[in-house]
Every structure is written in C-alpha cells, then in structure tokens.
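*Asks:* Chains A and B, in that order, give the protein sequences.
So for the first sequence, our numbering puts the first residue at 1; every next one is plus one.
So for the second sequence, our numbering puts the first residue at 1; every next one is plus one.
Among the hints, erroneous ones may be present.
[Said to hold, decoys possible] Derived coverage of chain B by chain A (criterion: at least 3 residues anywhere in the stretch with Cβ under 8 Å from a Cβ of chain A; other residues may be distant): (1) 200 to 210; (2) 240 to 253; (3) 263 to 270.
Derived from the structure by calculation, the hints contain no laboratory data.
Glycine included, C-beta positions come from ideal geometry on N, C-alpha and C.
So you can see what is in the structure, the chains are spelled out below.
Number of protein chains: 2
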Amino acid sequence: MTDRMKATARACSNIAFIKYWGKADFDHNIPLNDSVSMTLSDAVTTTTVQWDPELKDDVIYLNSERILDARALRISRYLDRIRDQYYRMGARVASVNSFPAGTGIASSASGFAALATAAFAAFGEESPDETEMTRWARRGSGSACRSVQAGFVEWKGGTDDASSYSEQLCGPGHWDLRDLVVVLSRKPKTISSSEGHKIAVRHPFMAARQEELPARILSLKGALATRDVATFGEIVEHEAMEVQAIMMSGRPSALYLQPDTIRLIHHLRAWRDDEGVPVWFTLDAGPNLHVLCEGDVAFEVRERLTIVAPDAEILENRPGPAARIVDDHLL
Amino acid sequence: MTDRMKATARACSNIAFIKYWGKADFDHNIPLNDSVSMTLSDAVTTTTVQWDPELKDDVIYLNSERILDARALRISRYLDRIRDQYYRMGARVASVNSFPAGTGIASSASGFAALATAAFAAFGEESPDETEMTRWARRGSGSACRSVQAGFVEWKGGTDDASSYSEQLCGPGHWDLRDLVVVLSRKPKTISSSEGHKIAVRHPFMAARQEELPARILSLKGALATRDVATFGEIVEHEAMEVQAIMMSGRPSALYLQPDTIRLIHHLRAWRDDEGVPVWFTLDAGPNLHVLCEGDVAFEVRERLTIVAPDAEILENRPGPAARIVDDHLL
Chain A
1 MTDRMKATAR ACSNIAFIKY WGKADFDHNI PLNDSVSMTL SDAVTTTTVQ WDPELKDDVI
61 YLNSERILDA RALRISRYLD RIRDQYYRMG ARVASVNSFP AGTGIASSAS GFAALATAAF
121 AAFGEESPDE TEMTRWARRG SGSACRSVQA GFVEWKGGTD DASSYSEQLC GPGHWDLRDL
181 VVVLSRKPKT ISSSEGHKIA VRHPFMAARQ EELPARILSL KGALATRDVA TFGEIVEHEA
241 MEVQAIMMSG RPSALYLQPD TIRLIHHLRA WRDDEGVPVW FTLDAGPNLH VLCEGDVAFE
301 VRERLTIVAP DAEILENRPG PAARIVDDHL L
Chain B
1 MTDRMKATAR ACSNIAFIKY WGKADFDHNI PLNDSVSMTL SDAVTTTTVQ WDPELKDDVI
61 YLNSERILDA RALRISRYLD RIRDQYYRMG ARVASVNSFP AGTGIASSAS GFAALATAAF
121 AAFGEESPDE TEMTRWARRG SGSACRSVQA GFVEWKGGTD DASSYSEQLC GPGHWDLRDL
181 VVVLSRKPKT ISSSEGHKIA VRHPFMAARQ EELPARILSL KGALATRDVA TFGEIVEHEA
241 MEVQAIMMSG RPSALYLQPD TIRLIHHLRA WRDDEGVPVW FTLDAGPNLH VLCEGDVAFE
301 VRERLTIVAP DAEILENRPG PAARIVDDHL L
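The shape of chain A in the complex, shown without the other chains:
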C-alpha cells in the first residue's frame, strides 16, 4: 500500500501584477484585496509526498536536505489540516526548487501549490476540484492560491475561507508576456512578508489603496484581454510603486529597494521614455526587479539588462502551466 500512497506534483511560482499586501484574516490567509498574477514557467517547485501509516513524525527534505526548523513545522501543521480531513498518518516530503533560494521568487507560492497537489494525490483517491485546490494552496501560503492555475490568474480575495479562491483569467497561450527576473541580491529580507502584512493592515494609506483597487483591477483585466501592453505595463508599474511606497512609509519602514533596484528602474524608464523600448517592471517584497515585456522584444531587453547589470542572473519566464502530477518521484 505504501507505494501507492505516493505522488509527485510540479507547480510554478507566480508574479503578481496586482499585489497581495495586507491580510484581512491571518488564520485563513484572507487578503485585503483581490490580486492578479501570471504563473511563471521557469520558477518551478517539484514535491513528492509519501504517506506512511507506520511513520509517527513527518520527515521533510528541502532541496535534498532534511529540515527540522520552523519551515518543517509549518509544513507539518499544514499537513495536519489535510490529515484532519482524511487519514492520520505521517508523511515523507521532498521538495526541490528549480530556482535558487533567496531570489525573491516566491517559493512558498510554488511550494504550497505543489505540496497540496501531491498530498491529496498521494492518498490515491479523488482530489479536490481545481477551485478547492486553490483554497488548499492558499491555506498554506496566500500567494500559492494563484499558483494552482495556468497562465493569468485572479485571486478572488473573498471574506472567508469559502469565498477566497483563484480563477484562471486566460491560459498561457493568450499572450506571450515575459517576466525577466533580474536577481540583484540573495540576502534574506530584514522584514519578513508576514510582518509586512501586519504593518500594511494598519498603514494609514491602505484604505485609499483599497478604494482604488477595483477600478485598477478592471482596467488591468481589460488591458490583458486586448494585450494592450502599454496600458498593462503602466498599471502594473504604478501598482508596484504604490506597494513599495506603502512598505517604505510604514512603521517600521520596510525598504526592500536596493541601490541596483533603483539604478535599473531609472535605466528601464529611460529606455522606455527616451528610446521607446516597450518595457515595464514590477517588484515584490524584495530588491529583485521583474522586468516585463512582450516576447518580440525579450531578446533585446535581455541584452540591455546584461549590459547594465552584467553580474546579475536573469531568469526568463513565460506564462506557465498549472500545478500537475508528474512521474519523476523525489522519494
């Protein structure tokens, strides 16, 4: 039986165009607002879960190393929620990321999407449907909600566990948008996302942001539907600056921007404003720049980035696939 109780899943991280920043409910990861993202083709987590009735404690490997710290505890607590609804037994979990740690790519997004997908499949019974699977991913890490589906995804923030789930807006084939992640720093953040969410909730600007967002999201979806990259880019870049603005003007101040981040932003804007290169950016809770452009200029943009940031690794992503079961087990 043990061998049948094993499954491996692969899921992509995602980059948010409209950000998840501020939680309405910390127990269920209910966000203050809806968010919109692209699933990232080349930022992949592969996770094998093997349930074992004879195993008392979970055994967890991350990037081939057994972990016993807070990350392991978080995964076990998460598996408890699944066990509560199915069978109580220990699990062996092994997970690897295709992208280096500390790149500012949300490994918790791809990680919990893959973990949820693998954990249910490993029971060998029918898994929750896709929408319910987005809820399961969200219960592990908010932004994982958007990593279950392919292409372009909207997380309906909702008001409680049932109403907070993701929907696919359009598949990966709809638009050849690229996200060139420029890895400028691998230092850990001084203020964690979790702490950031708390600071955000009490930020005096948050109410005004929430009022603006519904119209902004509607405009973004319109630009996505028509592949209007200029409108899309302008909204996304403004959104990124707004969220960084809230981060850095909070109490305490979280200044994720680094000198190279600012330097590249000025370069990008000069390329766009002075030379007409159709390129925009977004940022997450970290210093690394997500450079956005359409496929037909991606090569040129990459060349330009290589010239101004020769030491930075660049991870190029297209709209990625959904979380899925694969055959190549890690255990």
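With chain A held as given, fit chain B onto it using these hints.
*Replies:* Coordinates of chain B only, in the frame set by chain A:
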C-alpha cells in the same frame, strides 16, 4: 537718491522636517498643510536690490551672470507685486548663493527670503514686520516662508494669503542639531517641484496624510522642545519616507531617489540599528540625503559618510540665523 535706494540682504535656506508637498492655492502658494523646518546656517543667499526710477526694465544677475530666462521673469513678476504697493520703478538685482546649484538645497527658499528683505529695505522706508515678511517670502516661493526666521520655524499653512505665515518655534541656540547635506547628484530633476505639487494634490493617499499630520506635527514639536533626538529623528525619517512614497507612487511617478540615496539610507539605518549611532535622515524633492544628528556625534557621522561616499561633497549646517540686512553690496 539712487544710492539710498539700494539694500543687500542675506537669508539661509531651510530643511523641512514636516514637508510642504501639495498646494491648496497655486496663486498664493497656500500649502495643503503646516510644515516645520530648520534654517540652514551654511546655505546662504546674498541679494542686492537697487531701485532706479530711470530704469525701465529690471536687470537681474544670478551668481554673477545676467539672466534673461524664466527665472528673470519670475523675479520681475514678483517685484511687480511689491511695486504695485509702493513705487513703480525698475530694479537692478544681483544674487549669489554660497552653495552650488543643483545640490537639492532649495535656493528659491533663501533666494526669495533675501529678495523680499532687500527689496523692501531698498525703498528706505519701514519694512513690513517679520510676520508680514514671511508672507512676502512665501508669495515668491512657498518654502521661502520658513527662511525669514532663525532656528526652528513652523509655517502655519492657513487657508488664504493673510492666514499663511511662519512663526519661530525656537532660536538657533535651543538645540545643536546638524544637517549634513550629502550631495550625491547635481543633475536637474526630471519632474519639477511645481509639477510635483500638482501630482501630490490629486494623489489618493493625500487625504490620509493630511489626517495624520496634525498629531505628527504636535509630536515633533514636543520632541523639539525636549531635544529628544530619537523621537524627533523617527518622526522626521518617517515623514521623509512618506513624502517620497507619495512622489514615487503618483501618476506620473516621480522617483527622486538614486542608487546612492538608497545605499546611504541602508548604511545609516545599519549604523543606527546595529551600532547605536544616533543618526537619522530626511530628503527633499531630490536625491541628496540630509543626514541629521546632534553636534556631539557630527564629527563621527561625517567620518562615516566620507568612508561610504568618498566622492560626495558634504555641506554641514547648524540652526541658522534670520534673514537680515548686510553691508556688502553686490552692486
């Protein structure tokens, strides 16, 4: 008579701890909010005004060069307001700054405070009183309102021309606070302050900022009264980040921060948080950092700044004197 109709004034620029960003009335430079500043001892403008009944058009020299551009027009329009109330005659104006152009130190603040002071004195009659002189300076350039008085100054924003004036909070001797201006860039701004004020007024975060400010100003004045540098610094730094946040998340986005600005901010915060160095900063609509500390650590802070920014000029200021008449004419 002509020789009697000449006067020279000297006035200092100022650095705002609570910022003037957003105008309620563009004709009279009425700000959205009260602001608080320190007059800067070493950022001085000296201006000579010579009224001449035989002169048809104004002749204006800036840093020893005759100017005929928009700056000259602005000065002539300003002199028109004074002439409208006194005598209609041309003026020779010569003005020099002690600090280099483009350092991000507001030369319009010291400039219009000196110009107003000299222009009235040159008539050889009784000048407006000090409060009225702050109004006159403000009519030339909003922040000049705070450059008429010595030490620490509050600009009561008011709602119209009469109610918008400055008051001294305390003299230069009250507190040996230093402002070390680290000149990181001399490039002209891509978005002018005037344009910035317009973007600020329609920024969705501005209402929340205005609601926060009265309590913030009260706390700042309390910290100033007790020379509580830690409380003072925390408020001032938060205020600076908030205004930068509004600038960069506006439409269009005004990103005055440069890579070196961010680099020094991270250094400063590390010195403070990791080594206990009592140092804070503020910023204006530009990339140059105003590093704030008390006199007893100014030497150490200056040494540290020199190590991390060896190429940057540092202009050290103490609380400065009021605008005043001097004898050394430029004409």
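*Asks:* Taking the hints in turn, state whether each one holds.
*Replies:* Going through the hints against the structure:
| no. | hint | verdict |
| --- | --- | --- |
| 1 | 200 to 210 | holds (count 5) |
| 2 | 240 to 253 | holds (count 9) |
| 3 | 263 to 270 | holds (count 4) |
Taken one by one, the earlier hints all hold for this structure without exception.
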